[in-house]
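Chains X and D, in that order, are what the protein sequence lines are.
Positions 3 to 116 (the numbering used here) are the ones given, in order, by the first sequence.
Positions 57 to 170 (the numbering used here) are the ones given, in order, by the second sequence.
There may be inaccurate statements among the hints.
To be verified - Chain X residues, not near chain D, derived (Cβ > 10 Å throughout):
(1) Ala4
(2) Glu20
(3) Lys26
(4) Lys80
Stated by the list, open to error - Pairs of lysine-lysine residues, derived as BS3-like cross-links and limited to a Cα-Cα distance of at most 27 Å, are as follows:
(5) X:Lys26 with D:Lys105
(6) X:Lys80 with X:Lys26
(7) D:Lys105 with X:Lys80
(8) X:Lys80 with X:Lys70
(9) D:Lys105 with D:Lys162
(10) X:Lys70 with X:Lys26
Rather than coming from a laboratory, the hints here were simulated on the basis of the structure.
As the structure is a prediction and not an experimental result, all values here were calculated from the model.
Where is the CB? At the ideal position from N, CA and C, for every residue including glycine.
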Amino acid sequence: DAGVIQSPRHEVTEMGQEVTLRCKPISGHNSLFWYRQTMMRGLELLIYFNNNVPIDDSGMPEDRFSAKMPNASFSTLKIQPSEPRDSAVYFCASSLSPGVVEAFFGQGTRLTVV
Amino acid sequence: AQSVTQPDIHITVSEGASLELRCNYSYGATPYLFWYVQSPGQGLQLLLKYFSGDTLVQGIKGFEAEFKRSQSSFNLRKPSVHWSDAAEYFCASPNSNSGYALNFGKGTSLLVTP
Chain X
3 DAGVIQSPRH
13 EVTEMGQEVT
23 LRCKPISGHN
33 SLFWYRQTMM
43 RGLELLIYFN
53 NNVPIDDSGM
63 PEDRFSAKMP
73 NASFSTLKIQ
83 PSEPRDSAVY
93 FCASSLSPGV
103 VEAFFGQGTR
113 LTVV
Chain D
57 AQSVTQPDIH
67 ITVSEGASLE
77 LRCNYSYGAT
87 PYLFWYVQSP
97 GQGLQLLLKY
107 FSGDTLVQGI
117 KGFEAEFKRS
127 QSSFNLRKPS
137 VHWSDAAEYF
147 CASPNSNSGY
157 ALNFGKGTSL
167 LVTP
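So here's chain D without its partners, still in its complex pose (with noise of 0.2 Å):
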């Protein structure tokens, strides 16, 4: 079954620097990935996907991922961050055992310092 790991639970950055979270997948055939967003108290929003084509894949809010099938990773990136991207971040990919529902990674969360 496809599955998705997210290696860092914590990340801090400097405000106006840049962000790389990191998420890998297990999965033969190339994989569907997801980047979802989580502000407090809120649910869960797209910020991209990856289906195939493009390995590099522009997202809303000035975010993108690449998919990298050496390395068996997606990671989400911005190349300056706002105080206002501070927040909870998940990757994600369908798992063909459960109807193709989302399963989630542990997420990320990404604190923002001035």
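In isolation and in its complexed conformation, chain X is listed as follows (with noise of 0.2 Å):
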């Protein structure tokens, strides 16, 4: 199994653009979940689907940020409009169910706004 992909690696936008980050989970893996990573303030957890409907979206920011999961193979996580606090980089995780197993984590996307 290639893993979880995320694109794009980097990327590079200007302050008030959209920015839509993409992601697909490990084949049968029912669980998934968006994180963030800042120095200030670490891994955070953004938002989790199971089976697709997302259960916990508490860590979500603001009204800025969604995600949407419209089927087991693929996600996104849409920033609109995007400010310079957003810059960092966005992990998405999957795993066959939730806590128990491990999480497989994706190389992550890189986000600068500007």
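Assemble the dimeric complex from its two separately framed chains, guided by the hints.
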């Protein structure tokens, strides 16, 4: 298996623009997580899907952030409009079931908003 | 809610020396605990996990961790560090308030000197 695939690996955008990050989880995994990593706050859980349904989005910082999982093999995280403070590395992870078993991480998308 | 704390932000060890990275957890019942490693520019990789049973857990790359209920700790150890072990190390536990998605500690950055 190719593992969790995220695209793009790097994104540079101007403040106010819309940004869409993409994730393809490991086939057969029914849990998907979006995390954000910054120096100041470390790794923060943004949202968690189980069987394509958002279970907990309390970590989504503002209404500018939205996430979707239209099917078991694809998820997006959208920021609209983007701001410089959104600059971070965004990770997608998937697991067979939440918490008990290993979560597999993608290589992340490094977002820079200028 | 279950949480973990990593008291050390940075650790420096000499190549060949032993290593211990600290992780403290807060939870009443027996927790699920994980150690992940993040190499520069990469996603997170699972080193080992503890669910129950034997309190000494063996992982990949020669790492082990010991669960000590009396000290609320799950410290990561390696008897002889290699230069390739230089990375960021994260302790994690599932958060029942977030559908059991993993919550991560702030991480410990390991530097290995010649």
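Numbers of the earlier hints that this structure fails to satisfy, in rising order: Result: hint 7 breaks, nothing else.
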